Amino acid sequence: MVSTNIDDSEVGSHGPQSFLTKYVWSQDHKVIAIQYMGTATAIGLVALVLSWFMRLQIGFPDTFDFIDSSSYYQYVTMHGMIMVIYLLTAFFLGGFGNYLIPLMIGARDMVFPYLNMLSYWFYLLSVIILASSFFVPGGATGAGWTLYPPQSILEGTPGSDWGIILMLVSLIVFIIAFTMGGLNYVITVLQARTEGMTMMRMPLTIWGIFVATIMGLLAFPALFVGGIMLMFDKVLGTSFFIPAIVSMGESLEYGGGSPLLFQHLFWFFGHPEVYIVALPGFGIVSDLISIHARKNIFGYRQMVWAIVVIGALSFIVWAHHMYVSGMNPYFGFFFAVTTLIIALPTAIKVYNWVLTLWRGNIHFTLPMLFAIAFIFTFVVGGLTGLFLGNVVVDVPLSDTYFVVAHFHMVMGVAPVLVVFGAIYHWYPKATGRMMNQAMGHIHFWVTFIGTYAIFFPMHFLGFIGMPRRYFSFEGLEFIPESAYTLNAAISIAAFIVGAAQMVFLFNLFWSIRHGKPANGNPWRATSLEWQTPQTPPVHGNWGASLPVVHRWAYDYSLPGVEADFVPQNVPITEGETNEQ
Amino acid sequence: MSDRLELSDAVASGEGWQGMVSDWSADRETFKDVSWGKAMMWVFLLSDTFIFGSFLIGYMSARMSTVVPWPIPSEVFALNIGGTDFPLILIAIMTFILISSSGTMAMAVNYGYQRNRKRTAVLMFLTAALGLSFVGLQAFEWTKLIVEEGVRPWSNPMGAPQFGSIFFMITGFHGLHVSIGVIYLTVVAAKVWRGDFDRRGSYEGVEIAGLYWHFVDLVWVFIFAFFYLW
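First to last, the protein sequences are chains H and B. Residue numbers for the first sequence follow our numbering, beginning at 1 and rising by one. Residue numbers for the second sequence follow our numbering, beginning at 1 and rising by one.
Derived DEER-like restraints, expressed as beta-carbon distance ranges:
# : chain 1 : residue 1 : chain 2 : residue 2 : range
1 : H       : G543      : B       : W142      : 55 to 65 angstroms
2 : H       : G156      : B       : V67       : 22 to 32 angstroms
3 : H       : V308      : B       : F222      : 20 to 30 angstroms
4 : H       : F134      : B       : W142      : 33 to 43 angstroms
5 : H       : L476      : B       : V67       : 30 to 40 angstroms
Not the full set, but computed from the structure, chain H residues with beta-carbon under 10 angstroms of chain B:
# : residue
6 : G182
7 : I214
8 : L236
9 : G257
Please keep in mind that the hints were generated in silico from the structure rather than gathered at the bench. Note that the structure is predicted; figures quoted are calculated from it, not measured. Even for Gly, the Cβ is constructed at its ideal location relative to N, Cα and C.
Isolated chain H (complex conformation) (with noise of 0.2 angstroms):
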């Protein structure tokens, strides 16, 4: 056996020794989630403030001297940069990966603890080199999240002289960070599961995150490279992207490049980024609804190869975001059947979520709540998709609010509800307290509420034609009164579910303290990670042995056992029927 397993006689003995080491310096794969978990939230916060500032000018035209067209372009691009990436990318799987992979597998940590210690300080310096952009002369780049060429380099277009070079420097930081996390989230499921823990046994929490780093992996490499042929147009004056052009009445020295490679290069990364956003969120919620329901997941080897497809699949849809930008028609043909037959896996798994509720014993406990919201939220997002997949439907809708409805309905409001819905699901066994009740309570109906609110009439708006990213709209005749009281409709929905976000961070503070004190399993979970011998687990996660593993983690209400769960590492009983 090569390094299998950490010994256990080591255990305590390298253990953590000051408040330095065990809350700052830490190598431990919990500590270094909620450094994750913070670092994303508190960026994400400025992110949800900026737009809070769009929605302002776009409800309330003309009225906050403050945002001009500038500044509204770079809130922009920094809102959606920050959720997509620095937000959502981070929390799936810097955070969420990092504390569940070694706890739902049945390991002490992750493989290369040092190197893990190390993305997280990389990704924090990203997080730094990105909001530092905001002050550095000429503000944050405002070219859009995609970051297009030639417009994002060229003058003009806000923060073009320092702003895109931070943005591009802190991906590429942030890139660096996300190889040495995702090699050992991928390892460490692949080589350091405990005894008995088949890759068919593991939650399908680690098999989202583990699909998903993988993706990770592979797709960031061509942002990476775009990232880097944009900065040398940018600095050193060559012309990868840029063609011949003329920029503010004089013509440049550029000459000879194709801003279409850029958008392949980008979308290669942005395509699969949207799934690395979503799958881990499909894992999570797959077992939120299977112990909330207490009924094992319907067509578990269903779900895991849909996964894995959904994961190969997202890498040749890339184009079908660029139907507009001018493509060969065959092109836009294959990338339209492609996308399409990505609905089918998809569809298996929301059905088998469905059927998984079917006659289940539904709690309506808060991570439900949020796992039965997703669904609502997932499918209307994924229904848009069937839309702006076909070239035809596509055209017309290109560039309105019905991509933006469209977008945040699938992978922004979706995706953020599996967040709470975990944190909801996890915070007793990250602190040993509940989250509280009501707040909770008052935190899922305004954000859900609320979120329908705000994209739902988008989609209104996107088929009046109404053209997204745009400052102002005067002088677009077409556009109804009604569109402008609808604006300013969504705005204060906006509003009120950014103030229901408070109660949710105050509540995750509140409850650290004052919370009820949970036992080591409140969810009456099967998963390994409910098992540890402490809660919230110690460093070593599993005392003196590690668990041996029995069956899968889905033994809810089996027939013939009295107990309405099974815990993993549970030996089968004689006479029980067990499939796996």
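With chain H held as given, fit chain B onto it using these hints.
Just chain B now, with coordinates in the frame of chain H:
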């Protein structure tokens, strides 16, 4: 040990496709007897492959879409020795050096598994030295191109400006990999020399360093084929 095996046997049941899935997904380790470090190096190299793949595809796209003539690499990279122009001679020498270094690396891995401390260390130092001479020749090549031919990242007197930008970017990124490799190999070789791996009981660190080095070498073959021979 025996009860562990029994458990795995019980788990890995089934025939055909299902049996294959069960085998690959059995407990503890997907890749049996592969250490964490080695598995991690493989996955890292897979990721790195996508980086170089993106660079090369970007290069091909630029080269195929440019309307300005692309300089002929065999002439640009010719060396005048004794009054005769030898096309690609410098690149040929560099390629030869790098491929030879893969040979010495493979020998080092072999001696490592034979627990031959001195030979392993010497061969690794030799590999690092060959890598260093590759980087040195690359520096010479860059100097010649910049000083004599007047090629810059943003311009190129011989035609398409992308020729220079891509050349410096891709060979630069590869050269960076070789330089990091030289440092990495030197560190591992020093550890071998000190006897660290004898004390640890395994020379696997040598093999992991070798994986990286062979990868850098393989990437060069593609750069050579697509940039210099095309």
